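There are 2 protein chains.
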Amino acid sequence: MASATNTAPSGGRKLKLGIVGIGVGASEILPAMEATANIQMVAGADVNPRVRDTFRKRYNAQTYDSVEKLCDDREVEAVWISTPNKFHAPHTIIAANRGKHVVVEKPMAISLSEAEGMIEAADKNKIKLICGHTQSFGPHIRTMRRIIRSGELGRLCAVNVFAYTDWMLRPRTAEELDVSQGGGVPYRQGPHQIDTLRLLGGGMVRSVRGTTGQWFRGRPIPGYYAAFMEFADGTPATLVHNGYGYFLASELVPWGTNRSRYTYEERAAIRKQLLDGTRNENEDKDAMRIGGAQEGQLFRNRGERRPWVPNDLGILIASCERGDIRQSQHGLYVHGDDGVKDVPIVEGSTSRRAELEELYNAVVLDRPIRHTGPWGMATLEVCLAIMQSAKKRKEIMLSHQVPAPEED
Amino acid sequence: MASATNTAPSGGRKLKLGIVGIGVGASEILPAMEATANIQMVAGADVNPRVRDTFRKRYNAQTYDSVEKLCDDREVEAVWISTPNKFHAPHTIIAANRGKHVVVEKPMAISLSEAEGMIEAADKNKIKLICGHTQSFGPHIRTMRRIIRSGELGRLCAVNVFAYTDWMLRPRTAEELDVSQGGGVPYRQGPHQIDTLRLLGGGMVRSVRGTTGQWFRGRPIPGYYAAFMEFADGTPATLVHNGYGYFLASELVPWGTNRSRYTYEERAAIRKQLLDGTRNENEDKDAMRIGGAQEGQLFRNRGERRPWVPNDLGILIASCERGDIRQSQHGLYVHGDDGVKDVPIVEGSTSRRAELEELYNAVVLDRPIRHTGPWGMATLEVCLAIMQSAKKRKEIMLSHQVPAPEED
Chain E
1 MASATNTAPS GGRKLKLGIV GIGVGASEIL PAMEATANIQ MVAGADVNPR
51 VRDTFRKRYN AQTYDSVEKL CDDREVEAVW ISTPNKFHAP HTIIAANRGK
101 HVVVEKPMAI SLSEAEGMIE AADKNKIKLI CGHTQSFGPH IRTMRRIIRS
151 GELGRLCAVN VFAYTDWMLR PRTAEELDVS QGGGVPYRQG PHQIDTLRLL
201 GGGMVRSVRG TTGQWFRGRP IPGYYAAFME FADGTPATLV HNGYGYFLAS
251 ELVPWGTNRS RYTYEERAAI RKQLLDGTRN ENEDKDAMRI GGAQEGQLFR
301 NRGERRPWVP NDLGILIASC ERGDIRQSQH GLYVHGDDGV KDVPIVEGST
351 SRRAELEELY NAVVLDRPIR HTGPWGMATL EVCLAIMQSA KKRKEIMLSH
401 QVPAPEED
Chain F
1001 MASATNTAPS GGRKLKLGIV GIGVGASEIL PAMEATANIQ MVAGADVNPR
1051 VRDTFRKRYN AQTYDSVEKL CDDREVEAVW ISTPNKFHAP HTIIAANRGK
1101 HVVVEKPMAI SLSEAEGMIE AADKNKIKLI CGHTQSFGPH IRTMRRIIRS
1151 GELGRLCAVN VFAYTDWMLR PRTAEELDVS QGGGVPYRQG PHQIDTLRLL
1201 GGGMVRSVRG TTGQWFRGRP IPGYYAAFME FADGTPATLV HNGYGYFLAS
1251 ELVPWGTNRS RYTYEERAAI RKQLLDGTRN ENEDKDAMRI GGAQEGQLFR
1301 NRGERRPWVP NDLGILIASC ERGDIRQSQH GLYVHGDDGV KDVPIVEGST
1351 SRRAELEELY NAVVLDRPIR HTGPWGMATL EVCLAIMQSA KKRKEIMLSH
1401 QVPAPEED
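Those sequence lines, one after another, are chains E and F. So the first sequence is numbered by my numbering: it starts at 1 and just counts up by one. So the second sequence is numbered by my numbering: it starts at 1001 and just counts up by one.
Among the hints, erroneous ones may be present.
The calculated lysine-lysine pairs, modelled on BS3-like cross-linking and capped at a C-alpha distance of 27 Å, are [as the list claims (entries may be wrong)]:
{"hint": "1", "chain 1": "F", "residue 1": "K1394", "chain 2": "E", "residue 2": "K391"}
{"hint": "2", "chain 1": "E", "residue 1": "K392", "chain 2": "F", "residue 2": "K1391"}
{"hint": "3", "chain 1": "E", "residue 1": "K391", "chain 2": "F", "residue 2": "K1391"}
{"hint": "4", "chain 1": "E", "residue 1": "K394", "chain 2": "F", "residue 2": "K1394"}
{"hint": "5", "chain 1": "F", "residue 1": "K1391", "chain 2": "E", "residue 2": "K394"}
{"hint": "6", "chain 1": "F", "residue 1": "K1086", "chain 2": "F", "residue 2": "K1392"}
{"hint": "7", "chain 1": "F", "residue 1": "K1392", "chain 2": "E", "residue 2": "K392"}
{"hint": "8", "chain 1": "E", "residue 1": "K272", "chain 2": "F", "residue 2": "K1341"}
{"hint": "9", "chain 1": "F", "residue 1": "K1394", "chain 2": "E", "residue 2": "K392"}
These are calculated hints, taken from the structure and not from any lab test. Predicted, not measured: the structure shown is a model, and the values here were computed from it.
Modelling step: build the complete structure from the supplied sequences, incorporating the hints.
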């Protein structure tokens, strides 16, 4: 079972971290930061004075109103970038040029040229760049990969993943409603499935044929994608995410009922309010930020033993020569010739804790990074290929793929 | 709810039917034929003397050892062709040339040129040709299509369907284990999903990108396919069928447990026997034929009220602008803005009964056929395109598509 044990060496020195963009993304990662003993939060930057104030008081940390100022703080060793998507590239480059290590949330950038610029800046400044915040960091997926690589079920032959979520109904800022700024399900949710499929399938995607869909007038961004992709070795994968929030994939697991963020009735009400313009999204969004009324309920005190439900990643089925693997409540169902085993997750960390460990291990212990800049860029390439395939109505061949790390 | 009512006019004259190929496929359709009052089974042909004998006694009908002889029987008006796949085209042409109407089971043929020959023979001889036996005939799917076409949920935006079954473990004859004779999951199971998707999506598929997979040494035929297809109007669909029988999609509905043909242990035992050559498939197969020990349990006295489980079609989710539709135990879940409704199936007939009605209505009442030769050929084209896409590793553009019938 997942446990709260921190697998980073105890007694190691603390890594001093600054966070840029104290929005909803930050609300999600802050509890993991607090729980990681060898991470010390020393600074935060945001344009919003209220969140700066709450952050300063809660963490007894410096706060700044710009990324530049935070990166000029000599105390800060590494920067966690959870600003809006269009700032991921410029903020990463600002931090790198000031010698800070960087974890940048998904999607790492909006275009491949931005991603290239980030990788160059990291290389030039010899800083560690981690492309973070996808579910491929999670213990379920890492354990799944270990089983696949162990050969116990033979080679991996196919993977399919499908998510049906309420993502489109969650509160959005104006920039999140602009696809040219990285808004919508393909940019925002694609990386979860793509990163995971690439990790399981070895990383090297050959081609993508897919499409995006946008069909709710209340949201001017795509809320859907579906794609077929093929790895260089011929292994196929399909991926689907429908974020419109009618049917939810969590209904397909017995423990998934009533585990969604909104009830069915709430989702219908939100849709109506979005259509008639009466929904106060700014207020909703603010409630989810640090110190907001929803922060605690949504992101804090969640415990480690909550059962998995097929939310943003969805239901993933990895098919091997002699069996299938999929997620169970607290582990993995391994369907093999000897029966179905519910294999517990033995790794020490949740997905978010694992990102912090990867950062700590890279910066303090000089261990190799799994989610490198080139890895993140390859995931972004698949994500962009789905959108390009939708526009051109044809298969897109890929050219920026890199293999999955040998060891995990 | 499904009911046993026959929607064909009562009191109409009886249609005299002959069946060619009294194998397992016939075992599946015979109960529906018996239950259809205005169908009279007058003849059967098979190379196997035991099944001929049982058939003759059960139905008090003529039997023949060849399709030619059955088609020379002037009593026979229409022929049901359930011979092995490689005979579908020649047997259809033999029947057509003798002036018999034809229902041919899926796949209608092994190649497009065969399908063209069948359509030509039907046209030349002015006989009715129905491409039968896919789940698109089923009342769930017809009801789903009606809801989509009613516009109640807005336009259809995307469809996804995935099946995980034990198909590869069911008994097979030698010819069923030869892909050049139409063996394997793509040929045999593809038509269920493809016909259904085409019916829901309007019929006109623009392109297909997919692959097939073959990874169990005990079966020299593909047991897997996955594909992305796009309709001419841009609507996307994905389809997956994994027939290797580890994880089953029926596990994803609460009423699906223990509803599979074999238990998990039986499936493991069959796999082992197939690998070490100790499984007596001929015996298993014979038990499923007419008069065999398994016939009753598998195909007869099944009643009309058995709950649906995601077997060969799989779990299908049709997404519209304002809701999703999927199958429920006895109807359809319609997830709309007013909540989730479990809509009962109001059509009168099960899938197999509907095929017989389509035949009766076409031959006796001169009503239009929905599953025409060109319709079946278009479904076969998609099926072949998945296999071609697998070989060429590229997207296949289609050129033989026809629209779905206006009324259903």
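Does the structure keep K1391 of chain F and K394 of chain E at a Cα separation of 27 Å or less?
-> 18 Å, holds
Is it true that the CA of K1392 of chain F sits at most 27 Å from the CA of K392 of chain E?
-> 20 Å, holds
Proposed proximity, K1391 of chain F with K391 of chain E (alpha carbon, max 27 Å) = Roughly 25 Å separates the two Cα atoms, so the pair holds.
Is it true that the CA of K1394 of chain F sits at most 27 Å from the CA of K391 of chain E?
-> 18 Å, holds
Measure nothing beyond the straight line between the CA atoms of K394 of chain E and K1394 of chain F; if it is 27 Å or shorter, mark the hint as holding.
-> 10 Å, holds
CA of K1086 of chain F to CA of K1392 of chain F, is that 27 Å or under?
-> 24 Å, holds
For the pair supplied as a hint, K272 of chain E and K1341 of chain F, is the alpha-carbon distance within the 27 Å limit?
-> 19 Å, holds
Given the hint that K392 of chain E pairs with K1391 of chain F, does the C-alpha gap stay at or below 27 Å?
-> Satisfied, since the Cα-Cα distance of roughly 23 Å is no more than 27 Å.
Does K1394 of chain F pair with K392 of chain E here, judged by a C-alpha cut-off of 27 Å?
-> 15 Å, holds
In the structure shown, no violation is registered for any of the earlier numbered hints.
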